[in-house]
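Chemist: Sequence:
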Amino acid sequence: MIARLWSARTEHRHNADAYQDLFPLDALAVVAGFRGAYLLRRDHDTGVEFVSLTLFESLDAIRGFAGDAYRTATVSPAARDVLDDVDDHVRHFTVVLAPDDRAAR
Numbered sequence: 202m203i204a205r206l207w208s209a210r211t212e213h214r215h216n217a218d219a220y221q222d223l224f225p226l227d228a229l230a231v232v233a234g235f236r237g238a239y240l241l242r243r244d245h246d247t248g249v250e251f252v253s254l255t256l257f258e259s260l261d262a263i264r265g266f267a268g269d270a271y272r273t274a275t276v277s278p279a280a281r282d283v284l285d286d287v288d289d290h291v292r293h294f295t296v297v298l299a300p301d302d303r304a305a306r
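Count along the sequence shown from 1, add 201, and you get the number used in the working numbering.
Honestly, the hints are just simulated from the structure, not real lab data.
All figures in this text were calculated on a predicted structure; none of them were measured in a lab.
Virtual Cβ for every residue (Gly too), placed ideally from N, Cα, C.
Please note that a few of the clues may not be correct.
What the hints assert, rightly or not - Now the in silico label distances, taken between C-beta atoms and shown as ranges:
{"id": "1", "residue 1": "Gln221", "residue 2": "Asp289", "range": "19 to 25 Å"}
{"id": "2", "residue 1": "His245", "residue 2": "Asp301", "range": "28 to 34 Å"}
{"id": "3", "residue 1": "Gly237", "residue 2": "Arg264", "range": "17 to 23 Å"}
{"id": "4", "residue 1": "Gly265", "residue 2": "Arg214", "range": "32 to 38 Å"}
{"id": "5", "residue 1": "Leu240", "residue 2": "Thr273", "range": "15 to 21 Å"}
{"id": "6", "residue 1": "Asp246", "residue 2": "Thr273", "range": "26 to 32 Å"}
{"id": "7", "residue 1": "Ala219", "residue 2": "Asp261", "range": "31 to 37 Å"}
{"id": "8", "residue 1": "Met202", "residue 2": "Leu240", "range": "17 to 23 Å"}
{"id": "9", "residue 1": "Ala219", "residue 2": "Asp301", "range": "29 to 35 Å"}
{"id": "10", "residue 1": "Glu212", "residue 2": "Gly268", "range": "14 to 20 Å"}
{"id": "11", "residue 1": "His293", "residue 2": "Leu223", "range": "18 to 24 Å"}
{"id": "12", "residue 1": "Ala230", "residue 2": "Leu206", "range": "33 to 39 Å"}
{"id": "13", "residue 1": "Arg242", "residue 2": "Pro300", "range": "18 to 24 Å"}
Given these sequences and hints, build the entire structure.
Modeler: So this is what it looks like as structure tokens:
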């Protein structure tokens, strides 16, 4: 399994709330090989930071929806409107231990 990690920031809490509503979980759910997602939020004195962790069965599954630009973040124009700082690139990690693995032991 591959974890796709991306982050963004906004200085405005109301924009952060708006971004949560824009997070494309429904669109991701229909992608072949999609295995789930976490949207993490950290509020601090200067704004809000988001980290998106999406899970796919393989890099090929990621390429299936992102194409050859799979290392580039896929961010909608509406999301860019409410986020002040968006990472343009994503990072991919191989999942070597997951909660289900612990249950099997």
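Chemist: Checked against the structure, which of the hints given earlier come out wrong?
Modeler: 10 and 12
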